[in-house]
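Peer 1: Sequence:
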Amino acid sequence: MLESSKNANNKQVGAGVRYASGRSFALTLLHHWSEHNYDENLIIPADLRGYNEQNTSLKLSWPVTEQFGINAKAGYSQWKSQFNGSKSTKPTGAIDLTWQATAKTTLSTGVGQNFESFGSNIVGRDLERTAYIAANWLLTEQSTLGARYNYRQLETLLSLGVLTQDSVFDTFQLSYDYKILRSMVIMSYIQYEQRNEKINQFDYKDQQVGVSLKYNF
Numbered sequence: 090m091l092e093s094s095k096n097a098n099n100k101q102v103g104a105g106v107r108y109a110s111g112r113s114f115a116l117t118l119l120h121h122w123s124e125h126n127y128d129e130n131l132i133i134p135a136d137l138r139g140y141n142e143q144n145t146s147l148k149l150s151w152p153v154t155e156q157f158g159i160n161a162k163a164g165y166s167q168w169k170s171q172f173n174g175s176k177s178t179k180p181t182g183a184i185d186l187t188w189q190a191t192a193k194t195t196l197s198t199g200v201g202q203n204f205e206s207f208g209s210n211i212v213g214r215d216l217e218r219t220a221y222i223a224a225n226w227l228l229t230e231q232s233t234l235g236a237r238y239n240y241r242q243l244e245t246l247l248s249l250g251v252l253t254q255d256s257v258f259d260t261f262q263l264s265y266d267y268k269i270l271r272s273m274v275i276m277s278y279i280q281y282e283q284r285n286e287k288i289n290q291f292d293y294k295d296q297q298v299g300v301s302l303k304y305n306f
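Note that this note's numbering has the sequence shown beginning at 90, numbered continuously upward.
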């Protein structure tokens with residue numbers, strides 16, 4: 090696949106293979122290669138602002154029992170800058186566990202690491218680490234109570250070798266869903282989030298309350 094814009098063009102090639110068994114067990118192997126180049130000179134010449142990237146991953150989906158399931162992914166991401174020829178190779182992956190503890194209680198947890206490039210006038214990449222733990226309780230046939238904690242660490246590194254962001258986000262959320270009709274649900278939540286930025290003074294604390302109506306056709 091070839092993509093282009095006024096200032097940039099991007100070439101991408103991908104391939105994969107998938108194996109699935111009769112019990113919903115599945116393995117998927119994927120490889121993706123991309124090349125990103127710029128056409129216009131800015132402060133940095135166009136031929137020094139591009140990058141190459143390769144991503145390889147192996148995904149597993151495994152319902153171990155009727156009550157316990159695993160979704161996992163492991164691989165690596167390699168990013169090479171045209172600015173100075175430097176390479177960054179990072180492991181990537183995630184694992185999510187789901188446990189139907191009782192007929193009315195579902196528990197889940199997971200961790201992951203993701204490595205993504207981005208292109209703008211200055212090229213760079215983000216390294217993201219995440220973790221969560223969550224629980225859902227079926228209070229009645231119409232109502233569900235949920236609780237969730239999310240952890241997120243985000244590092245942004247430019248191709249010039251400058252680390253511009255190193256943030257940690259902690260998010261706590263309580264949710265309550267009530268089914269009015271078979272296809273209509275009122276969803277509400279209370280959320281608290283705080284950000285701790287290690288480089289810049291972008292710390293904050295945020296509180297949110299939300300209510301929405303969902304209709305399934």
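Keep in mind that the hints were calculated from the coordinates and are not lab data. Treat each hint with caution, since some may be false.
Stated by the list, open to error - 25 angstroms max Cα-Cα, derived BS3-like pairs, lysine-lysine: (1) Lys-268 to Lys-193; (2) Lys-169 to Lys-179; (3) Lys-193 to Lys-176; (4) Lys-268 to Lys-294; (5) Lys-100 to Lys-176; (6) Lys-148 to Lys-179; (7) Lys-148 to Lys-162; (8) Lys-179 to Lys-193; (9) Lys-179 to Lys-287; (10) Lys-100 to Lys-193; (11) Lys-303 to Lys-193; (12) Lys-100 to Lys-169.
Peer 1: Each of the hints needs a verdict: does it hold here or not?
Peer 2: Verification of the supplied hints:
Restraint check for Lys-268 and Lys-193: satisfied, since their Cα atoms lie roughly 16 angstroms apart, inside the 25 angstroms limit. Distance restraint check for Lys-169 and Lys-179: the Cα-Cα separation of roughly 12 angstroms lies within the 25 angstroms cut-off, and the hinted pair is therefore satisfied. Restraint check for Lys-193 and Lys-176: the C-alpha separation of about 49 angstroms exceeds 25 angstroms, so the hint is violated. Under the criterion of a C-alpha separation no larger than 25 angstroms, the hint pairing Lys-268 with Lys-294 is inconsistent with the structure, at around 32 angstroms.
Restraint check for Lys-100 and Lys-176: satisfied, since their Cα atoms lie roughly 19 angstroms apart, inside the 25 angstroms limit. Of the supplied pair hints, the one linking Lys-148 and Lys-179 holds, its CA atoms being roughly 17 angstroms apart against a limit of 25 angstroms. The hinted pair formed by Lys-148 and Lys-162 meets the criterion: a straight-line CA distance of about 4 angstroms does not exceed 25 angstroms. Distance hint between Lys-179 and Lys-193 is unfulfilled; the C-alpha atoms sit about 40 angstroms from each other, more than 25 angstroms.
This hinted pair checks out: Lys-179 and Lys-287 have alpha carbons roughly 21 angstroms apart, not beyond 25 angstroms. The straight-line distance between the Cα atoms of Lys-100 and Lys-193 is roughly 49 angstroms, outside the 25 angstroms bound, and the hint therefore fails. With a C-alpha separation of about 22 angstroms, the suggested pair Lys-303 and Lys-193 falls inside the 25 angstroms cut-off, and the hint holds. Between Lys-100 and Lys-169, the direct Cα distance comes to roughly 15 angstroms. Compliance with the 25 angstroms bound is thereby established for this hinted pair.
Of the hints listed earlier, those the structure fails to meet are numbers 3, 4, 8 and 10, in rising order.
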